[in-house]
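**Q** Listed below, chain by chain, are the residues.
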Amino acid sequence: MGALDGLALGFGHALTIPNLGWALLGCFLGTAIGVLPGIGPALTIALLLPITFTVSATGAFILFCGIFYGAMYGGSTTSILLNTPGESGSIITALEGAKMARNGRAGPALATSAIGSFVAGTVGTLGLAFLGPVIVEYALQLGPAEYFSLMVLCFVTVSAVLGGSALRGLTSLGFGLLLGLVGIDLQTGQPRLTFGIPELLDGVNVVLVAVALFAVGETLHLAWRHVEGPQEVRPVGKIMMSRSDLRRSFWPWLRGAGLGFPFGVLPAGGSEMPTMLSYYAERKLASPDAQREFGTTGAIEGVAGPEAANNAAAAGVLVPMLTLGLPTSATAAIMLSAFQSYGIQPGPLLFTAQAELVWTLIASLFIANVMLVVLNLPLVGLWARILKIPQPQLYAGILVFATIGTYGISNSVVDLMLLYGIGIVAMFMRRFDFPVAPVVIGMILGPMAEQAMRQALTISQGDWSTFVTRPVSLVILLIAVAALAGPRLYGAWVRRVAAT
Amino acid sequence: MSGGSRPDRADLGAGLFVLGLGGLAMWQTLVIPASPLYAQVGPTLVPALVSAALLVLGALLTVSALRGGWSAGIEEVAEAPPAIPRSLGLLLAGLLANLVLIGPLGFTIAASAQFVLVAAAFGSRAHLRNLGIAVVVSLGAYTLFVKALGVNIGAGLVEGLIFGVPE
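Quick mapping for you: the protein sequence lines, in order, are chains A and B.
Numbering that gives the first Met the number 0 numbers the first residue of the first sequence as 0 and each following residue consecutively.
Numbering that gives the first Met the number 0 numbers the first residue of the second sequence as 0 and each following residue consecutively.
Just so you know, these hints were derived from the structure itself, not from any lab.
Computed from a predicted structure; not experimentally measured.
Treat the hints with caution; some may be incorrect.
Claimed, not checked - Taking lysine to any residue and the SDA-like style, the derived pairs with C-alpha atoms no more than 20 Å apart in a straight line are:
{"id": "1", "chain 1": "B", "residue 1": "Lys146", "chain 2": "A", "residue 2": "Phe52"}
{"id": "2", "chain 1": "B", "residue 1": "Lys146", "chain 2": "A", "residue 2": "Ile50"}
{"id": "3", "chain 1": "A", "residue 1": "Lys387", "chain 2": "B", "residue 2": "Leu160"}
{"id": "4", "chain 1": "B", "residue 1": "Lys146", "chain 2": "B", "residue 2": "Ala125"}
{"id": "5", "chain 1": "A", "residue 1": "Lys387", "chain 2": "B", "residue 2": "Lys146"}
{"id": "6", "chain 1": "B", "residue 1": "Lys146", "chain 2": "A", "residue 2": "Asn410"}
{"id": "7", "chain 1": "A", "residue 1": "Lys237", "chain 2": "B", "residue 2": "Leu160"}
{"id": "8", "chain 1": "B", "residue 1": "Lys146", "chain 2": "A", "residue 2": "Ser409"}
{"id": "9", "chain 1": "B", "residue 1": "Lys146", "chain 2": "A", "residue 2": "Ser55"}
{"id": "10", "chain 1": "A", "residue 1": "Lys237", "chain 2": "A", "residue 2": "Leu378"}
{"id": "11", "chain 1": "B", "residue 1": "Lys146", "chain 2": "A", "residue 2": "Val54"}
{"id": "12", "chain 1": "B", "residue 1": "Lys146", "chain 2": "A", "residue 2": "Lys237"}
Chain A extracted, bound-state conformation (with noise of 0.2 Å):
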């Protein structure tokens, strides 16, 4: 199905009562949760997977997709109004965003960056309906050999090369591999590290281990760690953007659109690289004028590119996602989850087993969007006020319902203890800058990447070489080397040359 069908398809169920019902929920909540610090669109999603047994599928992942970009939004008010970015793509919107608020001028700042918001993620969107069918045509080539290369590059990208250290970040990755081996083995029934504890044998839970590492490991390093007293919320001021505002920040929402998009596509999933790179990029690219506001007074430039490029990248986290069931973000591998739990097997055959499911959902991504500008710059008031909320009641309140999530699955202690013990780990992998999304993502995808490595295997009757003997798995698997040891062998040869 070609993209226009597939719209027209998608608008049709989206734009019933009930779907923009949920459309409209997900994208309050997104927003809500987005403004908070401390918790995120992956912890949310993970808490709400029980409605999976409730909810249709539809209906689901639309509320789903709302909290995904609704966080986005909600994201950019906190690192404006408090300096203290509420996720890890809206980090480089703090820096010149809260210097503007400082000096008054919030309310432009906070206008360009849910307009930006909705140029780049309906671009993002646009580029998700147009190049996602052309993914899958390619994608539905691809034997189980290609597969586990693929999350082979996948696995290298989101630990190695992302984050501060390959060491650290593998690390990471192993653990949450390890998680993912827990319980019987699907293939030969064998229980496998479960410690002879029989509730193990079904496995690890992923709503544990987000809400382990998401809620309470974020929790316990907070209250390790914290600075008493509240915190200074900047007064909004009024929602206005003038003439010069909005020239100075029409091309820095297309270029960070531009910028973001092939990012969050690209297995390096991830907002912190294409913010980064679209700040440095406006500050060279903005007038002379505009470049001293740079780190003093604050410019516009460096919130709506940075800002543009993180929601654009959000929606290029969803074409892997979609279209090879790769997740590259923590809240992809949680939403791939949900997949699962409805019996949906993720991968190229989505877009034509599930043609409905899919094109609603991406007519949602643009109804959402439009919820989300207009949710937004009227009700900036009311995300301010959420701000307000202490932080003894607010994460009081999160631990609660986070032992709410994991004891609702299961009704056991066993569970209980195992989401604190991770949430310990994880307070000391904050502690140690150990990075947590590899964790998920090594957790969800890892048990995938085995069964397309034993299914690899099995094909081509146990000769390990079909894995580069095929000429794409070959190339992938030569991408993820050179991902791993090409910034390292880069670094020695600049020392070299610096040396002589």
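With the hints as your guide, set chain B onto chain A.
**A** Same frame as chain A, but now just chain B:
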């Protein structure tokens, strides 16, 4: 990264922990019973690979820690405010309270105890007000999850009084 030559004790602990995790995983891999079914790749291969990888990574982290560690070079870690043991203790007490109480007394009491202790950990001193908020929040959450979503999250004393004893 390896600027100083003095070992970083904390980082050394992290490296040894990863090494221990790898060892634990390897032990569990070795006790996986041999599969009675024929498979091209048995159930032990991937666990063995992951365990071995963790052992190698743990060893590398340990070496890195002995050479001065990595924490000192990370701004966020080096400039973090000092640890507050009292807060951490209160928070862990909150987790433990929930763990112990949720079985015998049910969700609302366990969650309320947890809420008050966690709020105290973050420096709140209005314990009675927190208790009030806790009861409202946890009862609200209970109603939402059990009545609206049909997810059982642990009925107990308070829930029984309000909604009747579940069958």
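**Q** Look at each hint and say if it fits the structure.
**A** Hints, one by one, checked against the model:
Distance restraint check for B:Lys146 and A:Phe52: the Cα-Cα separation of roughly 14 Å lies within the 20 Å cut-off, and the hinted pair is therefore satisfied. With a C-alpha separation of about 13 Å, the suggested pairing of B:Lys146 with A:Ile50 holds against the 20 Å cut-off. A distance of roughly 34 Å separates the Cα atoms of A:Lys387 and B:Leu160; the hinted pair therefore is violated under the 20 Å criterion. Taking the CA atoms of B:Lys146 and B:Ala125, the gap is about 31 Å. The hint is violated against a cut of 20 Å.
A threshold of 20 Å between alpha carbons decides the hint, and for A:Lys387 with B:Lys146 the separation of about 30 Å lies outside it, so the pair is violated. Taken as a hint, the B:Lys146 and A:Asn410 pair is honoured in the structure, with Cα atoms around 16 Å apart against an allowance of 20 Å. For the suggested pair A:Lys237 and B:Leu160, the alpha carbons sit about 50 Å apart, so the restraint of at most 20 Å is broken. With a CA separation close to 17 Å, the supplied pair B:Lys146 and A:Ser409 stays within the 20 Å bound.
Our distance criterion of 20 Å between C-alpha atoms is met by B:Lys146 and A:Ser55, whose separation comes to about 19 Å. For the suggested pair A:Lys237 and A:Leu378, the alpha carbons sit about 12 Å apart, so the restraint of at most 20 Å is met. For the proposed pair B:Lys146 and A:Val54, the alpha carbon gap of about 15 Å is at most 20 Å, so the pair holds. Under the criterion of a C-alpha separation no larger than 20 Å, the hint pairing B:Lys146 with A:Lys237 is inconsistent with the structure, at around 42 Å.
When the structure is compared with the earlier hints, violations turn up for hints 3, 4, 5, 7, 12 and for no others.
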